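All chains, please: the whole structure from these sequences, using the hints.
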Amino acid sequence: MSMLALKNRLGGRLLQEEPLARYTAARLGGAAEWLYLAKDSLDELCEVVAQAWAEAIPVRVLGGGANVLVSDHGIRGLVVINDISEILFGDWHDGRTVSATSGTNLTTLAHKCASYGLTGFEWAASVPGTIGGAIVNNAGAHGTDMAASIADVAVLEPNGPKLYTREELQYDYRTSMLKSRADKRYLVLLATLCLPPDNPEAIKARMNENSDYRKKTQPPGASLGSIFKNPLGDYAGRLIEAAGLKGFHIGSAIVSPVHANFFINEGEAKAADYRALIEHVQHVVHLKTGVHLEPEIEFVGEWGILGDTQKP
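Sequence positions in the sequence shown follow this note's numbering and run 4 to 315.
Derived from the structure by calculation, the hints contain no laboratory data.
Some hints could be false.
What the hints assert, rightly or not - Quick list of the computed label-pair ranges, beta carbon to beta carbon:
#1 Tyr216 to Asp43: 32 to 38 angstroms
#2 Leu290 to Ser118: 48 to 54 angstroms
#3 Tyr238 to Glu50: 43 to 49 angstroms
#4 Thr111 to His252: 30 to 36 angstroms
Said to hold, decoys possible - Here are the simulated EDC-like cross-link-like pairs (lysine to aspartate or glutamate), alpha carbons at most 16 angstroms apart as the crow flies:
#5 Lys273 to Asp75
#6 Lys232 to Glu160
#7 Lys232 to Glu282
#8 Lys291 to Asp215
#9 Lys42 to Glu89
#10 Lys232 to Asp148
Keep in mind that this is a model prediction, so the values were computed, not measured.
From the three backbone atoms N, C-alpha and C, an ideal C-beta is built for every residue, glycine too.
Pasting the structure below:
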């Protein structure tokens, strides 16, 4: 069955030339050549992605739309918005207590785990994104990350599903084996976590503390989250602020006056403005401190002349 035949069968779940700005956290980006809205069925998700691979169509999962800057020219290939959310709790072997599909919202999972009296996922309260993206990027906050609780991850590859252990995923700061793979033909399906028991009220208190801290220190508005990784022994936000760049803007893309490692789309920004701001901040910080800030976000899509050296 071809992608066109799938489109006829799936109707509004598989679209062509669909604008992506509404699906990204910073409300930026052009159209996707193909867009699949995965809602209910992992089997259907696997079918659509496998068909795209069979037709040599590249596949990109956006999940919650954070941590990715989509070009104004859009993305050639298939973009998947994964909203498939299923959570199971149990007492399985080797401390495995939770299983969640890759489209599960991080905050939703954090609250569910708290209600079941399972600790270790409090950091994810109020963090945007999905389990799938968090697994690939080793998302984290408050001194911990996904690697601390992952047991294993089921991944669809062109030759079928494969189970990866935490050790095989080779986690490091904001990266993993999956993220660094040259061959991007994989799809995270679900993960099993090891979360130990604790008092539910104590867990909820820690979650509230984390959420309150996030609200106080991170700006509201259309943002991709932290733009740069923290360099060893320092903080990207501190370096940007020290360089006098808080409030600096290109078009409607601005370095947040609240937290300098967050860039906000004030409403009319283009992805090109946002990327130009990123590159300007990199240049000024390097000029003043000698530190090269490495982006935590990814640049996806067709970028033309701007940023060709970083074009994925």
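Non-conforming hints, listed in increasing numerical order: 6 and 8
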